[in-house]
Structures are given as structure tokens and as C-alpha cells.
Amino acid sequence: MIGLGLPRGFVVTLKNFIRPPVTEQYPDRHVGLLGAAKEAGMNPFQFLVKKPADSLKAIAGLATVPVAVKQSARFRGNEFTYFEDRCTACASCAKYCPLGIIEIVSVPGKIDAQEGESYKLEVFDIDIGRCMFCGLCVEACPYDALHMGTNFERSKYVRDELVISKEELFDAPKRPSAFYRPQFEENNFDPFKETIEDFHDAGRHEKKTYDELKKKWVDER
Amino acid sequence: MAIKTQPVTVNLGPQHPSTHGVFRMRVMFDGEEIVDVEPVFGYLHRGSEKLAEERTYTQIVTLTDRMDYVSSMLNNQAYILAVEKLAGIEPSPRGVWLRMIASELQRIASHLVATGFLLQDLGALGTPLIYAMRERENILDLFEMLCGARITNSYLRPGGVFMDAPAEFWPALDRGLDDIVNTIDELETYLSGNEIVFSRTKGTAVLPPELLINASVTGPMLRASGVDWDLRHRAPYDYYDKISFERKLHTASDNYARYWVRVQEARESVKIIRQCIEQIEPGEVRPSFDDVPRLIRPPAGDAYAAIEGSKGELGFYLVSDGGIAPYRMHVRASSLINLTLLRDMLIGGQFGDLFVTFGSVDLNMGEVDR
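If you read the protein sequences in the order shown, they are chains A and B. Following the numbering used here, the numbering of the first sequence begins with 1 at its first residue and continues without gaps. Following the numbering used here, the numbering of the second sequence begins with 222 at its first residue and continues without gaps.
No lab work stands behind these hints: they were computed from the structure. Using N, Cα and C, we set each Cβ at its ideal position, and we do this for glycine too. Treat the hints with caution; some may be incorrect.
Computed list of lysine-lysine pairs in DSS-like fashion (alpha-carbon distance at most 30 Å, straight line) [unchecked claim]:
{"hint": "1", "chain 1": "A", "residue 1": "Lys-214", "chain 2": "A", "residue 2": "Lys-110"}
{"hint": "2", "chain 1": "A", "residue 1": "Lys-15", "chain 2": "B", "residue 2": "Lys-423"}
{"hint": "3", "chain 1": "B", "residue 1": "Lys-492", "chain 2": "A", "residue 2": "Lys-15"}
{"hint": "4", "chain 1": "A", "residue 1": "Lys-95", "chain 2": "B", "residue 2": "Lys-271"}
{"hint": "5", "chain 1": "A", "residue 1": "Lys-70", "chain 2": "B", "residue 2": "Lys-492"}
{"hint": "6", "chain 1": "B", "residue 1": "Lys-423", "chain 2": "A", "residue 2": "Lys-95"}
{"hint": "7", "chain 1": "A", "residue 1": "Lys-57", "chain 2": "A", "residue 2": "Lys-70"}
{"hint": "8", "chain 1": "A", "residue 1": "Lys-95", "chain 2": "A", "residue 2": "Lys-156"}
Cβ-Cβ distance ranges computed for the label pairs, FRET-style [claimed, not checked]:
{"hint": "9", "chain 1": "A", "residue 1": "Asn-187", "chain 2": "B", "residue 2": "Arg-468", "range": "43 to 51 Å"}
{"hint": "10", "chain 1": "A", "residue 1": "Glu-212", "chain 2": "B", "residue 2": "Leu-516", "range": "20 to 28 Å"}
{"hint": "11", "chain 1": "B", "residue 1": "Ser-509", "chain 2": "A", "residue 2": "Val-158", "range": "39 to 47 Å"}
{"hint": "12", "chain 1": "A", "residue 1": "Lys-51", "chain 2": "B", "residue 2": "Arg-495", "range": "48 to 56 Å"}
Model the full assembly from the supplied sequences, consistent with the hints where possible.
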């Protein structure tokens with residue numbers, strides 16, 4: 001229909017002009033007086049009386065509050081979560097990494113009569129500067145010791161600081177992503193609110209029964 | 222009185238915002254008319270095919286993401302089909318349905334980007350592009366729910382996908398599909414009848430179907446000339462034989478026809494996804510590691526698998542020597558092959574139509590250079 005195309009187009013742009021914006025503010029969001037008072041946990045009048053300087057700032061439109069970015073639970077971020085007690089230093093992650101950026105050095109440790117020979121981990125470096133967060137290392141981990149993290153704000157000024165060392169892995173907050181870890185989704189674990197302290201909670205498998213093990217290792221051989 | 226003009230050679234790119242990446246053209250103009258075009262590419266060459274020779278079959282999935290970075294899922298699908306053909310893997314039904322849903326979503330996203338940037342090249346700065354990208358953002362959110370990444374997905378594995386969709390994915394997908402239909406309606410309301418779009422795109426860069434077939438051009442460019450060639454219909458892969466969909470054809474073969482075919486295909490993709498949701502059944506999403514181990518060693522031989530990508534036939538050719546990594550990998554990149562007719566499209570045209578025509582090819586430099 002020649003002649004009506006342009007006006008109809010302008011109706012669409014007008015509709016979009018008056019709809020609420022979809023832009024997400026990051027890292028801070030501007031708030032007015034009400035928002036600033038809500039952030040401080042009091043009602044606006046209290047806020048005006050108790051914090052006059054902040055109130056003036058908020059009225060002038062200068063007050064900001066940090067925003068939590070909308071992320072899904074499977075988000076593949078950095079700051080890998082690592083449970084030392086689950087790791088056997090098998091180096092599956094290093095073998096499976098497409099770029100070969102995981103470095104593992106392990107030495108024979110103590111020999112336990114109950115648990116057999118164990119290994120001591122000396123080096124566990126992940127070069128985040130070259131990592132592409134494909135998650136194949138996490139997929140390869142047979143004991144759920146390594147998980148993807150959920151954080152993504154890890155910019156550094158020096159390239160060497162991008163290498164996550166063993167100590168940093170130990171101390172990092174345990175906020176594992178649900179990537180390739182269906183047990184977290186089943187337990188409704190929210191990595192953005194809570195952390196996992198006990199390494200038992202990060203496990204994937206139910207303990208296999210004796211019959212299942214026998215079937216796998218004896219009957220099928 | 223005719224004004225005497227002198228041919229002028231202008232270098233466009235490689236960092237021009239309208240070249241959709243790092244593409245460079247040496248164009249000779251006679252006044253406003255284009256006399257000669259010489260495309261120069263290779264600025265984004267990363268050697269993906271060579272890199273694949275030293276990676277295992279599962280690790281190569283991460284390389285295919287980065288080839289055509291606005292349709293990663295489709296690249297994954299084409300590659301995985303080649304691996305399954307090479308190694309004789311029987312995929313899990315639910316995994317196949319999931320990857321069909323994912324790849325159709327990716328096709329919509331890719332066509333939205335193509336449409337948005339075509340209009341950007343027309344001079345509609347911002348508005349249509351933002352509307353298209355806003356909708357693509359919702360699709361990327363769905364991908365983040367599925368696999369944890371938005372663009373470099375690596376979602377597919379030999380035999381299916383790595384993880385089942387989460388519970389919140391299905392309601393979000395239903396809502397997303399309705400939004401997509403609304404957005405396409407919106408796009409069509411203000412573009413498909415727009416006189417400015419008509420006058421700029423109709424009748425420009427017309428390519429006869431014989432020429433397109435001779436140059437082995439595929440995808441929306443070919444269907445815009447009236448040739449009914451869609452691999453989903455001609456050589457159904459995955460479960461496309463259980464799906465019914467229309468092949469939208471246009472006969473004009475100009476820039477407007479290419480735009481129109483893309484928009485209609487996005488609508489058809491929505492219908493395909495709805496049928497997939499109806500037919501998907503519970504089960505495992507990938508074969509067990511006893512059947513398909515992480516380290517696949519296909520028997521010596523070769524395999525070629527092709528899918529209908531967002532830009533045309535996207536094929537992967539793999540040669541195995543029995544080892545854990547392919548002996549050779551070759552990609553039939555549709556963007557590169559669609560680019561071969563650039564001279565035929567541009568020469569004789571006007572300067573103002575240059576970028577519009579270029580945008581209507583919908584090329585992606587990541588795929589052209591690989």
C-alpha cells in the first residue's frame with residue numbers, strides 16, 4: 001500500500017518511544033530520594049533528617065546504587081570454584097583443555113592404609129588470560145572438584161595477575177555455576193546468594209551400590 | 222552537456238563500520254557509478270582449519286563457535302553432524318530435538334542481525350538495528366539458560382548436547398517465541414511497506430538465478446531468486462523430515478527480495494520450534510560414555526555433512542586417519558561463497574547502493590576468513 005507505509009512506520013516508532021526502556025544499567029543505577037532511602041533501609045523522611053547531605057545528592061540525581069546483573073545459574077564465568085578435598089590430581093582437566101592452559105604438578109604424598117596412595121598437589125595454575133570458558137575442563141572432572149565460577153569482573157592491569165594460582169583457587173568464594181552440574185539445579189542452589197562450604201555438598205553422584213559396581217567391574221568384563 | 226569525469230579509486234575498509242567486520246574493497250568510481258571492485262579479505266584469518274588438526278573431536282566444537290560468530294549453534298550443528306557421520310554415532314533423540322530448537326533460535330537471531338544491519342546500511346541509523354538487537358538479546362538470554370554462554374556456546378557434543386534444558390527454559394522459550402513474532406510483525410509493519418525502503422532496495426543488484434546457481438550461491442540469496450533450494454527440505458538432516466514448514470520464495474532477486482526472504486524465514490523458524498516443542502520427548506540428551514567416549518577415534522575415512530545455515534549451505538568435511546584428531550578439516554563457508562558474486566552485484570551500480578548491496582549478502586567476516 002503506497003502512501004501509508006511511512007505513517008504506519010511512525011506509529012511503530014512512537015509506540016517504542018513511550019514503552020519502558022529495556023536498557024540495563026551497569027554497574028550503577030541512578031536513584032532518586034525514594035530509591036536512596038530504600039537502599040539505606042529507612043523511610044524518606046527519616047533519610048532527609050538523618051542524612052541531609054545524601055538526600056540533597058539524591059534529589060540532584062547524583063546518588064547511585066550498584067546493580068546485580070541478571071545471570072542464569074549455568075553462567076560460565078571465571079573465578080573457578082575448586083574443592084581441594086575432592087581433587088585427586090588426575091589432571092583430566094588439563095588433558096581436556098583445548099588450549100592447554102591448565103598446569104598441574106603433583107608429587108606422591110603419603111600412603112594411607114585405608115585410602116591407598118594419595119598425591120599432593122604442588123601447582124595448579126589456570127591462565128585465565130587465554131581461557132575461553134568453554135567449560136570442557138569442568139565437564140572432564142570425574143570427581144566434581146572443579147566448577148565454573150559465576151563472577152565475571154576480574155579485569156587486571158598486569159597480564160601475570162590473570163593466572164589463577166592454587167592459593168587463589170583455595171581462597172576464592174565457593175560460588176559454583178550449575179554448568180554441567182545438574183545436582184545444583186536439583187537442589188535449587190543459587191550461586192548468587194549462597195556459597196558451598198562443605199565439599200560433600202558439591203558431589204554429583206549417588207554412591208554406587210555394591211551390585212552396580214560388581215556388574216560394572218566383574219560381570220561385564 | 223555531459224560533464225567529463227575521471228575514474229577515482231577509493232579504498233573502503235578494512236575498518237569501516239559498514240563492512241560488517243574487517244573487509245576491504247578497492248572500488249573504482251566514475252562519478253557516482255561503480256566501475257570496478259576488488260575485494261580484499263583475510264584480515265581475520267585465524268587458521269581454524271589448521272588448528273583443528275591438533276585438537277580432539279570434542280575440542281574442535283569450541284573452534285567452530287568462532288567461525289560465524291552470529292550463528293554459533295548452527296556451526297556446532299554442522300560440525301557435530303560431520304563427526305557423527307564420520308564415527309557412526311547414533312545420536313540421542315532428545316539431544317537432537319534440543320539442538321534443533323537451539324539452531325532454529327540461532328537462525329532467527331542471525332536473520333534479525335542481518336535485517337538490522339541492512340537497514341543500518343540504508344541509513345536508518347540506530348532505530349531498526351536496536352529493535353532487532355533487542356529481540357536477539359532475548360534469544361541470547363535463552364542460550365545463557367541452556368548452556369551458560371551467549372555467543373560462544375559450545376553446546377553440542379557428538380551424539381547430542383551436553384546438558385538438558387533447565388526447567389525455567391521452557392516457559393521462557395514460550396514467552397520468547399511470542400515476543401519474536403511480535404518483533405517481526407513490528408519490523409514488517411514499518412519496513413515491508415516503507416516507501417523509502419522500496420525506492421532504495423527494489424530493483425538494485427539484481428542477479429539472475431542461473432548466475433547464482435553457477436556460482437553455487439545458497440541460502441536466502443538463492444531463494445530470493447525463486448530457486449527452491451533448502452537443505453532442510455532437500456536433504457533432511459536431524460529430524461527435519463518430521464517437521465513441516467514452508468519454503469518462502471521471492472522471484473525478484475534484488476536487495477528487497479533478500480530482506481523479505483530472511484524475515485519470512487524467521488517466521489517459519491518460529492513455527493519449526495513450536496513443532497519441536499510438541500514432539501520433544503524425555504530421555505537422555507547424549508549417549509552414555511560407554512558408547513561415545515570423550516576421546517573419539519573414528520575409523521579412517523572421510524565424511525561431509527552440510528546443513529542449511531543462516532547464510533547458506535554450511536558444510537564440514539572431515540578426514541580421519543584413525544587418530545584422536547582429524548587429519549584434515551575443511552569448512553564450506555557459505556559467506557565466502559556468497560561473496561563471489563560481489564562484482565556482478567556492484568559493477569554498474571551507484572555509490573549509494575554499495576553498502577546496501579553488500580549488507581544484503583549477509584556475510585560474516587569470521588566465517589569468510591575463518
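Each hint, compared with the structure:
Simply put, A:Lys-214 and A:Lys-110 have alpha-carbon atoms about 29 Å apart, close enough for the 30 Å limit, and the pair holds. As the CA atoms of A:Lys-15 and B:Lys-423 are separated by approximately 28 Å, the hinted pair is consistent with the 30 Å bound. A distance of roughly 26 Å separates the Cα atoms of B:Lys-492 and A:Lys-15; the hinted pair therefore holds under the 30 Å criterion. The hinted pair formed by A:Lys-95 and B:Lys-271 meets the criterion: a straight-line CA distance of about 20 Å does not exceed 30 Å.
A threshold of 30 Å between alpha carbons decides the hint, and for A:Lys-70 with B:Lys-492 the separation of about 29 Å falls inside it, so the pair holds. In summary, the hint linking B:Lys-423 to A:Lys-95 is not supported, as the alpha carbons are separated by about 55 Å, beyond the 30 Å threshold. About 27 Å separates the Cα atoms of A:Lys-57 and A:Lys-70, which keeps this hinted pair within 30 Å; it holds. Pair hint A:Lys-95 plus A:Lys-156 holds up; C-alpha atoms about 27 Å apart against a cutoff of 30 Å.
Distance hint for A:Asn-187 and B:Arg-468: a CB-CB separation of about 46 Å, consistent with the stated range 43 to 51 Å. Taking 20 to 28 Å as the suggested C-beta distance range, the pair A:Glu-212 and B:Leu-516 conforms, at roughly 24 Å. Here the CB-CB span from B:Ser-509 to A:Val-158 is close to 45 Å, well matched to the stated 39 to 47 Å. For the hinted restraint 48 to 56 Å between A:Lys-51 and B:Arg-495, the CB-CB distance of approximately 54 Å keeps it satisfied.
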